[in-house]
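In order, the protein sequences belong to chains A and B. The numbering used here puts the last residue of the first sequence at 187; the count rises by one with no breaks. The numbering used here puts the last residue of the second sequence at 1406; the count rises by one with no breaks.
These are calculated hints, taken from the structure and not from any lab test. Predicted model only: the values in this text are computed from it and were never measured. Be aware that one or more of the hints could be misleading.
Unchecked claim - DMTMM-like cross-link-like pairs, simulated, lysine to aspartate or glutamate; straight-line CA separation at most 20 Å:
| # | chain 1 | residue 1 | chain 2 | residue 2 |
| --- | --- | --- | --- | --- |
| 1 | A | Lys-44 | B | Glu-1086 |
| 2 | B | Lys-1075 | A | Glu-125 |
| 3 | B | Lys-1075 | A | Glu-69 |
| 4 | B | Lys-1370 | B | Asp-1036 |
| 5 | B | Lys-1385 | B | Glu-1086 |
| 6 | A | Lys-114 | B | Glu-1362 |
| 7 | B | Lys-1396 | B | Glu-1377 |
| 8 | B | Lys-1075 | A | Asp-48 |
Unchecked claim - Chain B side only, calculated, beta carbon under 10 Å to chain A, not exhaustive:
| # | residue |
| --- | --- |
| 9 | Gly-1069 |
| 10 | Ile-1073 |
| 11 | Arg-1080 |
| 12 | Glu-1086 |
| 13 | Lys-1089 |
| 14 | Ala-1091 |
| 15 | Ser-1092 |
| 16 | Gly-1093 |
| 17 | Asn-1133 |
| 18 | Arg-1134 |
| 19 | Gln-1138 |
| 20 | Tyr-1239 |
| 21 | Arg-1241 |
| 22 | Asp-1382 |
| 23 | Leu-1384 |
All residues carry an ideal CB built from backbone N, CA and C; glycine is no exception.
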Amino acid sequence: MIAVYIIVPLLVLLLIMFVMTYNSLVRRRNQMQNAWAQIDVQLKRRHDLIPNLVETAKGYMKHERETLEAVTNARNQAQKAVGTGVGAQSAAEGELSGALSRLLAVVENYPDLKANQNFLALQEELTSTENRIAFSRQYYNDSVLQYNNKTQMFPSNIIASMTGFKRGEFFEVQVAAEREAPRVSFS
Amino acid sequence: MFEQIRSNQFRSIVLVTAMAAVLLALGYVIGIFFFDSAIAGLIIALIFWFIMSLVAYFQGDSILLSVAGARKISKEDHPRLFNIVEEMKIASGLPRMPDVYIIDDAALNAFATGRNPDKAAVAITSGLLQKLNRDELQGVIAHEIAHVKNRDVMLMTMAGILLGSIVILAWYASRMLFFSAMMGGSRRGGGGGGGGGAQIIVLIIGIILMILAPIMAQLIYFALSRRREYLADASAALYTRYPEGLASALEKLAASTNEVKSANQATAPMYIINPFRKRGKPAADLTSTHPSIQERVRILRSMGGGASMADYETAYSSVKGKGIVPKSALAGATPGAVPLRETGPSTEAVEAEPGQVQRTREVSNLMWRKQNYKTIECDCGDRLKVPPDFKRPQIKCPHCGRIHKV
């Protein structure tokens, strides 16, 4: 009889702990997945911004047709690469970053363009977009770290392995060009 | 890493509990003095506190914003500020974009409100918007968003309500006591002479408590506030991966001497730096809501190679000789594990970024617009600002004499 009084509350306690730990694992995994989706939102923002940028630059940059076309092509490639897997996508984004850097380097030679109000506004948007992409990747990695800590630390690691929570993958920049953020410098 | 700070609020809870104890002790004494029953006094104190809490919970942020004279702005009003807030929203993983407010004040300061991360707002003064460059502004906004994310706003509001209740109750109690003494004789006088000595002791303790309670509560409140400032700095470094931004912003803030016109003692802890600080005063004493700026800058600058909580902890203990970050927030974080960004994503754009003159112009145009002034560009290069109550159909340019339609 006494054994029942001890064992039953103990089991209930264990069950409550199990449920709470399981829920917090799910919460963290969802947070991680949501953070991953946020990166795509920011990349899309970048893709949407580029046609405007090219359009504005075109009027001033008569002699840079190739540079501009390269940016537009890279942008289209990057847009197509959305959803084709992390590797292909980050390769395409890396191409785009490279093309953007080359474009921004030649802006130097066009003081009229640099003074254009529209272009100044676009410049702010582009700076912010690059920041947003960086910060959303950063937040994704922070979320992965939190989630992985939870799945590997005692005692939650027991429940994680019982219920099949796998390790989260960190985002790592894979392409050399992507590693250098495009120089958003119009000076 | 983020939540742990929120959940490990042991010290903060102890401090808030201490304030609650002061409030209850005060209620107890008031009850004994005026109602012959300690319970009545306790109930009065609790009801008083409960009503104030309700008001603060549901109306606190709008009261605070309107007391500060803050105006809500939209993205078109100041795209850069809006972008920075959104970047920090992303970096901190806040579920919803906070509202952005601007306060027309030359002082350099900022604060955050909102009872939870779903309903937050950041407010900054127009002076700050003029003086800071993009990286610095980012640091300040990160600090404010950290306050929201760490639930400091909620905590400080609750603590502020306790403080307010204690101050008001003690004030009324001391007036009532004075008044009843003037009327000659205590209401408990009929109780017989037997317990006279004990009564006098109770009376003296009561009076001392009434005098000390507000002071004690205030000191606790300030201790709580200083602690949360350090933690918000640590989070800001983590979000931006660039402690230098906040450090150099704080330096600019320290160099300015303007006080925020609309701040008062109750709202002071909400700001990023103490709006009332005197120059040259070592601000880290007991009666300050904020730690000294020089010290905060020194900690941020000595973070060395990383931006994690562990790096802040190391920097803090090298400057102050003891730790600040809760143990659980350090779990899994090793110093240097979170690298700084090499140059800020935006530092590349620093030269291209609008300079001080242009920023000032942007902000002053924004403030005119917010006050419903119309602007007319004159061909002579002047910009006419027409007040909203201007009735006549046309206006003459004071510079060149051209006539414009309004």
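Here is how each hint holds up against the structure:
no.	hint	in the structure
1	Lys-44(A) x Glu-1086(B)	holds, 16 Å
2	Lys-1075(B) x Glu-125(A)	holds, 12 Å
3	Lys-1075(B) x Glu-69(A)	violated, 31 Å
4	Lys-1370(B) x Asp-1036(B)	violated, 56 Å
5	Lys-1385(B) x Glu-1086(B)	violated, 31 Å
6	Lys-114(A) x Glu-1362(B)	holds, 18 Å
7	Lys-1396(B) x Glu-1377(B)	holds, 12 Å
8	Lys-1075(B) x Asp-48(A)	holds, 18 Å
9	Gly-1069	violated, 27 Å
10	Ile-1073	violated, 16 Å
11	Arg-1080	holds, 5 Å
12	Glu-1086	holds, 7 Å
13	Lys-1089	holds, 9 Å
14	Ala-1091	holds, 4 Å
15	Ser-1092	holds, 7 Å
16	Gly-1093	holds, 5 Å
17	Asn-1133	violated, 12 Å
18	Arg-1134	holds, 8 Å
19	Gln-1138	holds, 8 Å
20	Tyr-1239	holds, 8 Å
21	Arg-1241	holds, 7 Å
22	Asp-1382	violated, 19 Å
23	Leu-1384	violated, 20 Å
The structure fails hints 3, 4, 5, 9, 10, 17, 22, 23 (numbered hints given earlier, in ascending order).
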